[in-house]
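J.: Please work from the sequences and hints to get the whole structure.
There are 2 protein chains.
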Amino acid sequence: MSQRFKDSLGIVNVGLRSFHDNVVAAGGRSVHVDWQPPALGDRAAGWALATLVNHPRVEQGNALALRRFLDAQPVLREVCSARDFVAGMAQGRRLILHAGPPIAWEAMCGPMRGAVLGAVVFEGWARSIDEAARVIESRAVELAPCHDHRAVGPMAGVISPSMPVWVVENTAGGNRACSNFNEGLGKVLRFGAHDSNVIDRLRWMASELAPAMQAALSRCGGIELKGLIAQALNMGDEVHNRNAAATSLLFKQLAPALMQGEIATHRAATALSFIADNDHFFLNVSMAACKAMLDAASEVPDSSMVVAMARNGVNFGVRLAGTGSHWFEARANPVDGLYFPGYSLDDAAADLGDSSITETAGLGGFAMAAAPAIVRFVGGHARDAIAHSLRMRSITLGANPSFTLPTLDFAPVAAGIDARKVVDSGILPIINSGIAHRESGVGQIGAGVTTAPLGCFVQAVEELARRIPFEAALP
Amino acid sequence: MSQRFKDSLGIVNVGLRSFHDNVVAAGGRSVHVDWQPPALGDRAAGWALATLVNHPRVEQGNALALRRFLDAQPVLREVCSARDFVAGMAQGRRLILHAGPPIAWEAMCGPMRGAVLGAVVFEGWARSIDEAARVIESRAVELAPCHDHRAVGPMAGVISPSMPVWVVENTAGGNRACSNFNEGLGKVLRFGAHDSNVIDRLRWMASELAPAMQAALSRCGGIELKGLIAQALNMGDEVHNRNAAATSLLFKQLAPALMQGEIATHRAATALSFIADNDHFFLNVSMAACKAMLDAASEVPDSSMVVAMARNGVNFGVRLAGTGSHWFEARANPVDGLYFPGYSLDDAAADLGDSSITETAGLGGFAMAAAPAIVRFVGGHARDAIAHSLRMRSITLGANPSFTLPTLDFAPVAAGIDARKVVDSGILPIINSGIAHRESGVGQIGAGVTTAPLGCFVQAVEELARRIPFEAALP
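Chains as they are written, first to last, in my numbering: chain A, 1 to 475; chain B, 1 to 475.
It is possible that some hints are incorrect.
No copy labels: a pair is met if it fits in one copy or bridges any two.
Below, simulated SDA-like cross-link-like pairs (lysine to any residue); rule was C-alpha separation at most 20 Å, straight line [unchecked claim]:
(1) Lys187 x Ser30
(2) Lys226 x Arg67
(3) Lys187 x Ser344
(4) Lys187 x Phe410
(5) Lys187 x Ile386
(6) Lys226 x Asp277
(7) Lys226 x Arg376
(8) Lys226 x Arg127
(9) Lys187 x Ser425
(10) Lys226 x Glu142
Source of the hints: derived by calculation from the structure; they are not laboratory data.
T.: Take a look at the structure:
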């Protein structure tokens, strides 16, 4: 022992950094390990984790959920009106879908209100925005989350019955999901804008763009999206905030098919020009593909795999495969990003939209290493993008060999967020996101990076632990 | 002095590595600097370098040449027959262009012979390959380098009068350059294949594809290529061996324009499908753009900037801005790459083609950091791609702010190879390349990475030194 104290001592410090700092300040050698107790020291969460970690039922459920997710084969199948896909819109029911977990009209953030108002006018249920507000306040319109109706929508995520939707089918599982059409950037409904240009564009999309897309799709017999997304990842997209390559690849498949279909040439050309001018066009297709892949993994008992992350502009919600349709919610974190000239964090709405379904599927922020160019849009450096993708490996069940990251020598993207690992490590899922103005009608003011709040995952883990008694783990 | 020997010694070893190895083996501390004398110790080259380094006339020439190159604005202007662009093909002259520096028929490698034979049949100057050989041997056909006629062609680089060409105009300098059309991969003329499928495809390209492309281009009034290439670099292309993004971006501009033009819909659709199925389609456009940018910098007296690197399958040739149309040649280096199943280095022709014009312009191998996914095609790891781009900075006059590398936080690509720096450092320009079978008629058998041979640059530097007497440097 006395000899030991004569040796030069090296210290490994775990926990409070100040111990390490003092040793270094005094000229000593120390390595600091950045560690925190699970769930930031929350006892109940710690107990829930102890129940679930290595629990055979959870492991079994997770293996099944991950397998179903990895096996999914999303195919862009058709275009139809939302009312023809969303059962709740049948027979003229006035249902409007929105992003994130459920939220009442009164509690909605500005951009979501703006989008709902615009949708009411678009549907012809009111002739003006003022009248639309009265219609909504009279409870003549139902509101429900997209996710409850096999749908996803970016930002406000507003989908009304007459809007066209992309329908994606997971041919491995037979389940289908949909998303609306992308309107481009600037003043658009999904950011809460609703002036006559916005409504006119929505009408053109329903009457012209959608039939053109449907004609092209039926001509080419559907488009395999897994291969297309894999290619886009090798072309600098993460298919959430950067869809330049994926849009081009989709365009390349649609254009020849569209020309061979029955759409008049000038209409087809207008449709193609609209797509060619909007590098975000693929986003909604990407989201529907992710939803279809993740829905394949939903409703798997005992699984702690996250199958949805979505924001309604107030709260962030997550769903687990093992806890059905229940939403676990917490206040959304602010978005750290790049703002368009004249805007700042003070003008920003909270994190918003179903587009975090891409991160849930291991894309978006999880696949940022594939898209170093995105830092020009969301901020940061190329090395941050790579670090994000590497860090996300710590909180997933596995990796997805279908989606690879060229800068990491084609390492597979992380796949299947494990709520247990999020709570245990405190490493939060990273999310790339657009930023909407907090007020209705303004539109997008920036883009950036944020994280899912820990609280959702703590609640989810606690609920799963309640459903799986500890005894069940005994042999 | 005695105190110095008591201190712990650290060694910096320059030159022979064995000194360093011995010190380390004996437990000493040593850092090895990888240094070689200029031009591998060639005295004449060293003297030429001493003349040219910091020579005010060379510096002035280089500043002008680099400025003209960086200021160039290549625009894809039109499509026409080679005979309408290449002056030497006027009035029915039987001229066939080929890649690289000048080479006689007898000395040509297999793939180039195969391509020339195919071109003679395509032109109708012979009815069979055998007859074509007799026609060529009777000297009834002239052969000349593409580069001598404002043209560039990939691999064999064969361009005959009836072939359509892309015409790129540098609007800043007014100069124009052209390249032929890309036929896709597999059995194609540029790899020396010339069976009836190859000839039929060439005929279809001339009669159908070219008019469609011309109609689209005239409709959209030309396509700015600098911005398009810049975008493609941010989408994982290096626009030499990887053109997936650039082809998609070109396609996105051509498709709507084509639909608004006068081409029959089914013909337009066939043309678009051909492009959509060939990720290398943009290569020839990229090459013509690089040629137009570099020609802007040619014929600048005293400049040691490299304005062309090209291979004829036997020799590698370079041209400097300051030495006019003279080719400096050396044996081409072998290509280290990935071979298609069943083939190996033994089957390979030597490095071939004008496509190294992309590297001369700071793209291709120089911009590999933009295209980590290319290692799947040419071999190596993502970190090699980044290292190549970093190393090339050592041998250029400057950098090109128009073309940036996302993985290096949007650092500009190296621009303007300085022959002096190549000779001084021994760092050879890196080149991504396709690999042709050594025999006529087989086609592509792989792709890989190679370097330009030092000998060309040594000769070029010596010639430039002869033209610029040392006295001129004195004030």
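J.: Look at each hint and say if it fits the structure.
T.: Here is what the structure says about each hint:
1. Lys187 x Ser30: neither (54 Å within a copy, 63 Å between copies)
2. Lys226 x Arg67: within (15 Å within a copy, 45 Å between copies)
3. Lys187 x Ser344: Answer is within: at 18 Å inside a copy they meet the 20 Å cutoff, but 57 Å across does not.
4. Lys187 x Phe410: Classified as neither; 38 Å inside a copy, 29 Å across copies.
5. Lys187 x Ile386: neither (32 Å within a copy, 39 Å between copies)
6. Lys226 x Asp277: So Lys226 and Asp277 pass the 20 Å test across copies only (18 Å; inside, 24 Å).
7. Lys226 x Arg376: between (26 Å within a copy, 19 Å between copies)
8. Lys226 x Arg127: Neither: 42 Å inside a copy, 48 Å across copies.
9. Lys187 x Ser425: neither (40 Å within a copy, 55 Å between copies)
10. Lys226 x Glu142: neither (34 Å within a copy, 51 Å between copies)
Against the hints set out earlier in the document, violations occur for numbers 1, 4, 5, 8, 9 and 10.
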